[in-house]
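Visitor: For the record, the sequence lines run as chains X and B. Residue numbers for the first sequence follow the numbering used here, beginning at 137 and rising by one. Residue numbers for the second sequence follow the numbering used here, beginning at 137 and rising by one.
Because the hints were derived from the structure by calculation, they are not lab data. Honestly, I wouldn't trust all of these hints.
Which copy is meant is left open, because identical chains are indistinguishable; a pair holds if it fits in one copy or across any two.
[Stated by the list, open to error] With a cut-off of at most 25 Å between alpha-carbon atoms, the simulated DMTMM-like pairs for lysine to aspartate or glutamate come out as follows:
(1) 366 with 339
(2) 253 with 588
(3) 193 with 210
(4) 559 with 398
(5) 480 with 252
(6) 504 with 203
(7) 559 with 486
(8) 193 with 152
(9) 148 with 588
(10) 253 with 287
(11) 480 with 152
2 protein chains.
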Amino acid sequence: MASGRPRPINVKGFRDYFGEEVQVRQEMLDQITSVYRLYGFEPLETPAVESLVALGKFLPDTNRPNEGVFAWEDDGEWMALRYDLTAPLARVAAQFRNSLPSPYRRYAVGTVWRNEKPGPGRFRQFYQCDADTVGAATMAADAEMCRLSCEILEAIGIRRSDYVLKLNSRNLLDGVLIKAGILDPGDEGNLEEVRTTVLRAMDKLDRLGAAGVRDLLGAGRKDESGAFTKGAGLSGGQIDLILAFLTAEKSDCAAMLRHVGDMVSGSAAGCKGLAELDEIMDLLSSQGVSAGQCSVDTSIVRGLGYYTGPIMEAELTAEFTDAKGRRKQFGSVIGGGRYDGLVKRFTGQEVPATGISVGVDRLLAALKEMQTEARASSGPVLVTVMDRDRIVDYQRMVTELRAAGIRSELFLGNARNIGRQLKYADMRNSPLAIIQGTEERDRDVVQIKDLELGKEMAETATHEEWKTRPSQWEVARQELVTEVVRSLRRTE
Amino acid sequence: MASGRPRPINVKGFRDYFGEEVQVRQEMLDQITSVYRLYGFEPLETPAVESLVALGKFLPDTNRPNEGVFAWEDDGEWMALRYDLTAPLARVAAQFRNSLPSPYRRYAVGTVWRNEKPGPGRFRQFYQCDADTVGAATMAADAEMCRLSCEILEAIGIRRSDYVLKLNSRNLLDGVLIKAGILDPGDEGNLEEVRTTVLRAMDKLDRLGAAGVRDLLGAGRKDESGAFTKGAGLSGGQIDLILAFLTAEKSDCAAMLRHVGDMVSGSAAGCKGLAELDEIMDLLSSQGVSAGQCSVDTSIVRGLGYYTGPIMEAELTAEFTDAKGRRKQFGSVIGGGRYDGLVKRFTGQEVPATGISVGVDRLLAALKEMQTEARASSGPVLVTVMDRDRIVDYQRMVTELRAAGIRSELFLGNARNIGRQLKYADMRNSPLAIIQGTEERDRDVVQIKDLELGKEMAETATHEEWKTRPSQWEVARQELVTEVVRSLRRTE
């Protein structure tokens, strides 16, 4: 290896997106933002870079450098890449509080960055697509977020039977923690750390099961690799109560709410949480969201530290078969909740707010698995170069095709032989290639080669079919555009 | 001020974009990328973060930390935010050289970051929108970039008479530097530093005039603030030759090329540069690009260090009046050129490449100045809340409107009185407000208030008009959606 040459590789945990991947994501984001607009949200675009203090520390992964954030010092100021779109929104809501309408309803699409350990399919830059209402205390705002989540999923083609919304409330969770003697209702602030540890343990029910959560709530847990995570140090009785809450039987929603109500009875926070959930469920049913679509699930916790009220996740229930042949569910693709304290960090005044965030990459991956229909080939028509001295003639064909709105290009590479040029057309998914050698030029004609038909026929056609439906034919030069238009229409 | 509260402000040099600003930019980017697709380019999205060595150091501003790049160390690795979209493309072209089609034609849209001193209207994060062809040595690829630039500008509504393309070649510039005895044709590498200094001085003709460039080529220049920039230390004769080249009379292109040809005669690089420009101009005229649209301009230098052949800028010639009442031109909005050495940095093998980059923000600013037509108000229909116990009824109206595709929302704020809610509708640019108090509910009707008509009539209408065309009227509740649709169609 020559020394001094940089290696052409991505930074670990980052990746590139090519062609169709970019296109398909853009189409999905356009569909989602159309729904956001329909619901009356306005776009907001904040910069990637914020001051580290403005972002705050709310990420679940505290063991990483800068608590999971990419940060650096510049001219004496610590700046960082945003780790979500909500923290910057809180900064904007505080900064422009005198000029923005209230409630402020905004949507945002953009990449966020997390300084996490990269793993398979887990990247350090990913997309989010959020909608939030800042300045609305009413549960109607939270109910709207649920309804909006349903509408988004259906707008991008997911059937009503293939997703569920799961609701919970941080107040209800606090209620259980208070009843278990973990939080002191009169002195919550001082117990922020233990509350965070307990909530993070509860959040792992899905991944680790009840036994794993029990370890994390108690002395600690050793994982398969032998690494040890220190536990919350709760007593057996405290752990039992929390696990009973987490795993409460969910099939009958009303019965479960009564059951959980007993667990938190006497705690103001717990009762507030129950009332919130009641009100949201009522509002949703009046908007035609059925109990099958949306239900309360006490095991929903949400990782981020800033939630203060109702929290929500939308999960895809459809199953797929993973690379190892195991049946799996796609899981959570939208998450959100109420965060009444986030703007207060800046202004000292409480500003109620609620919102959702679409996990764009996970939703895209799910859509890809769920959709069976192949997309039509969408490459450009390729005008080949048979005679390098006549580049002006070939370029003119391209100019004419483009003027007619046909995606097309001149072969600009170095290859002189037609085979290499057709191979290029193949890699580009070109529907047609245009060929004009000296002989064709002298007769003022061009050859049109149907590359899709050629591929298809090479696999399946009989000799007769080859003769009746040729994949290459000749037209007068002046008929080029008309014939290409006609031919593209036929293959559509 | 309470201590410990973060201040809600942007990091210096960064800004937020609201509502319409985001929307208008997105529309313009959609128009540009449609043209890129028409020309056969495929999207590519690289991450914001690259390794610092992969990006290389090509920015003009060397006096800034990390030579103008935001960079930080993480886990022993130096990473940085991309400063353009070309350096990451070179990395991709090298990394995926065995699987990408060749030529590889890609477009990219994204933000880039420069660690420059922020100033009025000068931000440290901004958009670029590029198209590049990697693996094409032919001047037909460079000519296509010029043609593409014209097509983009016209696609977004700029008239042919309001822009010009200016062409030059780095080879031609090298020819002059060789003739002046600044570069040694047999030993160019060792003189990279002085070449960079001289080119940067030449690039400032626009801003500093001939006298300023003379100082920078000679002993140095003191600016208005008294700050001193060290010069290139050339002799008087060297400086005279360079200034004669830079300021060559441009009105007759053929005559100028002959004149410049004399200046570089005998230099291989200079002759190569002239031949490149000749070929591109020929190809462009065969594609219907007139001499008025595109011409050679010896004062085009381009700031970035990686160009190796033809370079190009598209300038808007239309004038506008700035805040101080001065007539100004918008200047360069697209720039690009050939960079045959950028992929070689990684692989050791030369890969010819050429491309353009659209300065999105500057082009947007220009479009805003040039367009006089106001955009229609596009806010949501607002369903007001007159009776907080009947939120379910109001929510149902919103649900019906949205189901009919009408952008609408429920007022989710705290205000009880109708005045505050209508003021909110005003701030949101709502076309209509829906009102239903107890009395209307009892009669099963709703009030529709036309907010635009109201505004307009308040300014101009006579008493008669007020009576014949009321800005508020009543319809049966079940007519709500039909009436809103009808009313919105009328105001379009």
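Visitor: With 25 Å as the alpha-carbon cut-off, assign the pair residue 559 and residue 398 to within, between, both or neither.
Guide: neither (71 Å within a copy, 45 Å between copies)
Visitor: When no copy is named, should residue 480 and residue 152 be tagged within, between, both, or neither for a Cα gap of at most 25 Å?
Guide: between (38 Å within a copy, 20 Å between copies)
Visitor: Given a CA cutoff of 25 Å, do residue 366 and residue 339 count as a within-copy pair, a between-copy pair, both, or neither?
Guide: Close inside one copy (16 Å), not across copies (61 Å); limit 25 Å.
Visitor: For the identical chains here, do residue 148 and residue 588 meet the 25 Å Cα criterion within one copy, between copies, both, or neither?
Guide: neither (38 Å within a copy, 54 Å between copies)
Visitor: Is it within a copy, between copies, both, or neither that the alpha carbon of residue 480 lies no farther than 25 Å from that of residue 252?
Guide: For residue 480 and residue 252, neither the intra-copy (28 Å) nor the inter-copy (32 Å) Cα distance is at most 25 Å.
Visitor: Between residue 193 and residue 152, at a C-alpha cutoff of 25 Å, which is it: within one copy, between copies, both, or neither?
Guide: Cα proximity of residue 193 and residue 152: across copies only (22 Å, versus 28 Å in one copy).
Visitor: At most 25 Å between CA atoms: does that hold for residue 253 and residue 588 within a copy, between copies, both, or neither?
Guide: Intra 43 Å, inter 53 Å, cutoff 25 Å: neither.
Visitor: Can you tell me if residue 253 and residue 287 fall within 25 Å by alpha carbon in one copy, between copies, both or neither?
Guide: Result: close neither inside a copy nor across copies, 34 Å intra and 45 Å inter.
Visitor: At most 25 Å between CA atoms: does that hold for residue 559 and residue 486 within a copy, between copies, both, or neither?
Guide: between (63 Å within a copy, 23 Å between copies)
Visitor: What label fits residue 193 with residue 210 when the C-alpha limit is 25 Å: within, between, both, or neither?
Guide: both (20 Å within a copy, 19 Å between copies)
Visitor: Can you give me the call for residue 504 and residue 203, within, between, both or neither, at a CA distance of at most 25 Å?
Guide: Classified as neither: same-chain Cα gap 33 Å, cross-chain 42 Å, threshold 25 Å.
Violated hints, listed in ascending order, are 2, 4, 5, 6, 9 and 10; each of the other numbered hints is respected by the structure.
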